[in-house]
Amino acid sequence: MDEQQLDTLMKKHTAALFRIAYYYTKNLHTAEDIVQDVFIKFYEKQLEMKEIETTKYLTKMTINKAKDYLKSWHYQKLLFQEKWLKFHKANHVDPLIKCDEEAVISKAVLSLPLKLREVIVYYYLEGYSVKQVAEFLQLNENTVKSRLVKARNELKGRLENVEWEVLLNDSF
Numbered sequence: 054m055d056e057q058q059l060d061t062l063m064k065k066h067t068a069a070l071f072r073i074a075y076y077y078t079k080n081l082h083t084a085e086d087i088v089q090d091v092f093i094k095f096y097e098k099q100l101e102m103k104e105i106e107t108t109k110y111l112t113k114m115t116i117n118k119a120k121d122y123l124k125s126w127h128y129q130k131l132l133f134q135e136k137w138l139k140f141h142k143a144n145h146v147d148p149l150i151k152c153d154e155e156a157v158i159s160k161a162v163l164s165l166p167l168k169l170r171e172v173i174v175y176y177y178l179e180g181y182s183v184k185q186v187a188e189f190l191q192l193n194e195n196t197v198k199s200r201l202v203k204a205r206n207e208l209k210g211r212l213e214n215v216e217w218e219v220l221l222n223d224s225f
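If you're matching positions, the sequence shown starts at 54 in my numbering and goes up one per residue.
Keep in mind the hints are simulated off the structure, nothing from the lab.
Yeah, the Cβ is synthetic: ideal placement off N, Cα and C, and Gly gets one too.
Among the hints, a few may not be true.
[As the list claims (entries may be wrong)] Distance condition first, Cα-Cα at most 27 Å in a straight line; then the derived DSSO-like pairs of lysine-lysine:
#1 Lys79 - Lys64
#2 Lys124 - Lys203
#3 Lys209 - Lys118
#4 Lys118 - Lys103
#5 Lys118 - Lys160
#6 Lys124 - Lys94
#7 Lys94 - Lys64
#8 Lys168 - Lys198
#9 Lys64 - Lys198
#10 Lys118 - Lys168
#11 Lys98 - Lys109
#12 Lys198 - Lys94
#13 Lys65 - Lys120
[To be verified] Label-pair ranges, simulated between beta-carbon atoms:
#14 Thr196 - Glu106: 23 to 31 Å
#15 Lys184 - Asn214: 29 to 37 Å
#16 Gln89 - Ile158: 39 to 47 Å
#17 Leu100 - Val157: 37 to 45 Å
#18 Ile105 - Asn193: 18 to 26 Å
Assemble the whole structure, with the sequences as input and the hints as a guide.
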């Protein structure tokens, strides 16, 4: 694989891989680093694959890299620091800040536990089939379906008290 092929591959897959990494890490910079590392590792291995295999391989590499990050000491330290700061910080809600409805939905999705969040993201936001999601996550298809049901119910519970102005009446 030469640099031109890598550049073409990066242009085609970066956005999707970035979204996947972000949904795991909830951090833009970390997601960028993960995607960059994935492409570096892929380039170093000098693999020649068919297009479908390349997409699956890069997606799986991104998932694994993101999960490794969530297990890392660095991430655990950041979680501890965030909890510590929240504990010592006065609860201050600025009444002037108003989130739009899509931000509310994104926040609700990101607040789901990882097992539920990943199936929602792959199925609804990335458009993968249940079978593809099962392959990526190495799960049974029925497990993916049950997690989708549970995730939808969680989101419904979290979003039912929101007053919708635009999305409720929006026709798709």
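For each hint, the structure was consulted:
no. : hint                        : verdict
1   : Lys79 - Lys64               : 22 Å, holds
2   : Lys124 - Lys203             : 24 Å, holds
3   : Lys209 - Lys118             : 30 Å, violated
4   : Lys118 - Lys103             : 22 Å, holds
5   : Lys118 - Lys160             : 23 Å, holds
6   : Lys124 - Lys94              : 20 Å, holds
7   : Lys94 - Lys64               : 16 Å, holds
8   : Lys168 - Lys198             : 12 Å, holds
9   : Lys64 - Lys198              : 32 Å, violated
10  : Lys118 - Lys168             : 16 Å, holds
11  : Lys98 - Lys109              : 16 Å, holds
12  : Lys198 - Lys94              : 32 Å, violated
13  : Lys65 - Lys120              : 23 Å, holds
14  : Thr196 - Glu106: 23 to 31 Å : 24 Å, holds
15  : Lys184 - Asn214: 29 to 37 Å : 35 Å, holds
16  : Gln89 - Ile158: 39 to 47 Å  : 28 Å, violated
17  : Leu100 - Val157: 37 to 45 Å : 41 Å, holds
18  : Ile105 - Asn193: 18 to 26 Å : 22 Å, holds
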